[in-house]
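Chemist: Top line first, the protein sequences correspond to chains A and B.
So in my numbering, spot 488 of the first sequence is number 488, and the numbers just go up one at a time.
To convert, count from 1 in the second sequence and add 1000; that's my numbering.
No lab work stands behind these hints, which were simulated from the structure alone.
Here a beta-carbon is modelled for each residue, glycine too, at the ideal position from N, C-alpha and C.
Warning: the hint list may mix true and false statements.
To be verified - Derived DSS-like pairs: lysine-lysine, alpha-carbon spacing no greater than 25 Å straight-line: (1) A:K358 with A:K297; (2) A:K153 with B:K1023; (3) A:K153 with B:K1099; (4) A:K34 with A:K445; (5) A:K444 with A:K358; (6) A:K25 with A:K444; (7) A:K161 with B:K1099; (8) A:K24 with A:K34; (9) A:K358 with A:K24; (10) A:K161 with B:K1023; (11) B:K1099 with B:K1023; (12) A:K297 with A:K444.
Said to hold, decoys possible - A short list of chain B residues far from chain A (calculated; beta carbon distances all over 12 Å): (13) M1001; (14) I1011; (15) N1063.
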Amino acid sequence: MSNLAVLPIVIPLIASVISAFIPKKLGLSRFIAKLFAIIFLVYAGYLAWVVFTDGIIVMQASGWAAPFGISIVADYLSVTLVLITSILTTAAVFYAPSSLSQLQESYYFYTFMFLMISGVVGAFLTGDLFNLFVFFEVLLMASYGLIVLGGGKVQLRESLKYVLFNVFSSMLFVTTIGFIYASVGTVNMAHLAERIQEAEQAGILTGLAVLLFFVFAIKAAIFPLYYWLPNSYIVPNPVVSALFGALLTKVGIYSILRVFTLIFNHDIGITHEIFTWLAIFTMLFGVIGALSTQNVKLIVTYNIIPAIGFILMGISLYSSAGIEGSVYYLVHDMIIKAALFFLVGALVVAAGTDDLRKMGGLITRYPVLGWLFFIGSLVLAGVPPFSGFIGKILLLRGSLEQEEILLTVAALITSLLILYSMIRIFVRGFWGDTVEGLPEGQNKKVRHLTIPAAVLLAISIFIGIGAEFIYPHVETIANMLLDRAEYINAVLRE
Amino acid sequence: MEILMAILASILFATAIYNLLQKQFLRIIIGTVLLSHAAHLFLLTMGKLKRGNPPVLVEGVTNYADPLPQALILTSIVISFGVTSFLLVLAYRTYTLNKSDNMDELRGSSDE
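Next up, chain A with everything else stripped away, as it sits in the complex (with noise of 0.2 Å):
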């Protein structure tokens, strides 16, 4: 029992609550977020490091022992995960005074942003499930804030209808809870664990295993529920989408990844299955989104989708390969997807719209920028050696060890037709004939936006070609995550 597991939670909490006395004074606030961000950076690495040399820390909030109290987690995965958001919110930091206007940093960017992080964190870390209801909701409230953060016409006009979506299934989720509180009696997440092994009616809880997962799949944009995803993403400013489509997703698709392993794997035959589908579906649709537009902001967005299939797709697999292409897979995925919104904000500035068709040429006046998308269209479509290479490496061992051929095919086409919506954009953005009109002397801004992105990218390579001292953590977690006794054994017995 230690508080090394909570200070995750309260560090950007802190953060946020100063920011919020000082909208006005834009110098100190910014001065307060990096600092804050990089206290968190450090203070993440140094509890990860902790974590993988000394095992589970788990705290019980005011000393009630589990499951009668509330119990946070730092096992592997959860505080990977929490580093990977520490260095997002670094980046998004060092993005932010270059991308937002001063009037909306002025309108309490930082303060909701560290509160998102805040609940992002949260809900990495907690071993309960209504906990995990509640960090989802702190989460939500900040995102709502920045989603609205400038206002235009058509920015309120989707992020209404992004609250009413989150609104659904959040009710939808406390009424999952009533259901699974009244059939097993526990909404502590390793007790439940233990009691479902031991449940009796399997069919009434593989029904409420189902309801769980259409709640987190509104969450995580999975087939058929991703519609709400594209347009709300690409209306608020790059800094908000990168932090949006790196994080938010993400959080669901952990949720899913941590209860379809640590609880409901009593039925594997009807749940996993289920998942093949979907995620076969989610990849395919998700990638033929992102080829039918021609607006570079819609194009990564889509991107999102695609990505959550590949990590379905290994936990549908629920192997050792499949699970540890899944981690792998996500870790990857949250850096390259900040640093391809950050370089697509560069870009937008650069070209002064956001129309592919009205681009052209931008590589003689921005060799760096046009290098830097380049390489990270590369990584987020898997060539080798870059990170997304060793993610799917897994995810397809998997795969073809269960022989399931219909999902490999879908995951080879998928990959390749996600390196061809990225390239157009390099190709008809960069390469070409320059078109008239350029915005001038934004090169001072280009430039202060493509160094967060360039640091992104080189952490995401680094993933990639330092696989050998990658690889045995995401093995340790993929253990935790199918062995299960260890995380019990943390929580219960401690």
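For chain A, the structure is supplied; the task is to place chain B on it using the hints.
Modeler: Structure of chain B alone, referenced to chain A:
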């Protein structure tokens, strides 16, 4: 008693879904309010309804009320209250800027 409450919750769910599927903002927001009421009522029922017993666990006492659903509902009520008030303000702003409160006219297209 539980059966009665469950039926009541299901009626609330049905009216909520009906309202959510309407086109006017205000009806949709009323739908979300009813949905949260339904979920809360349902949560209360799921903890088994008992009257007259304190929610305190003392050794030897077997007949006690379950305090957990109350705690869950309180949290959830506060959240849905906040979200509803935000939603009303957002709907009003959207209406003033877009000059419409009809979802059909707010579909949006890719050519903007």
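Chemist: Look at each hint and say if it fits the structure.
Modeler: Hint-by-hint comparison with the structure:
About 14 Å separates the Cα atoms of K358 (chain A) and K297 (chain A), which keeps this hinted pair within 25 Å; it holds. For a cut-off of 25 Å, the pair hint linking K153 (chain A) to K1023 (chain B) stands: about 19 Å separates their Cα positions. Using a Cα cut-off of 25 Å, the hinted pair K153 (chain A) and K1099 (chain B) holds, with the two alpha carbons roughly 10 Å apart. At roughly 19 Å between alpha-carbon atoms, K34 (chain A) and K445 (chain A) fall within 25 Å of each other, so this suggested pair holds.
Among the hinted pairs, K444 (chain A) with K358 (chain A) is consistent with the structure: their alpha-carbon atoms are about 22 Å apart, no more than 25 Å. Proposed proximity of K25 (chain A) and K444 (chain A) is supported: the alpha carbons are some 23 Å apart, at most 25 Å. At roughly 16 Å between alpha-carbon atoms, K161 (chain A) and K1099 (chain B) fall within 25 Å of each other, so this suggested pair holds. Using a Cα cut-off of 25 Å, the hinted pair K24 (chain A) and K34 (chain A) holds, with the two alpha carbons roughly 16 Å apart.
Between K358 (chain A) and K24 (chain A) the CA atoms are separated by roughly 37 Å; this puts the pair beyond 25 Å, and the hint is violated. About 12 Å separates the Cα atoms of K161 (chain A) and K1023 (chain B), which keeps this hinted pair within 25 Å; it holds. Of the supplied pair hints, the one linking K1099 (chain B) and K1023 (chain B) holds, its CA atoms being roughly 14 Å apart against a limit of 25 Å. Annotation: proposed proximity of K297 (chain A) to K444 (chain A) holds, straight-line Cα distance about 22 Å (limit 25 Å).
The Cβ of M1001 (chain B) lies farther than 12 Å from every Cβ of chain A, with a closest approach of about 15 Å, so its non-interface assignment holds. Against the 12 Å criterion, I1011 (chain B) stays outside the reach of chain A, whose nearest CB is about 15 Å from its own CB. At roughly 17 Å, the least C-beta separation between N1063 (chain B) and chain A is larger than 12 Å, which holds for a residue marked as non-interface.
In terms of the numbered hints stated before, the structure departs from hint 9 and from no other.
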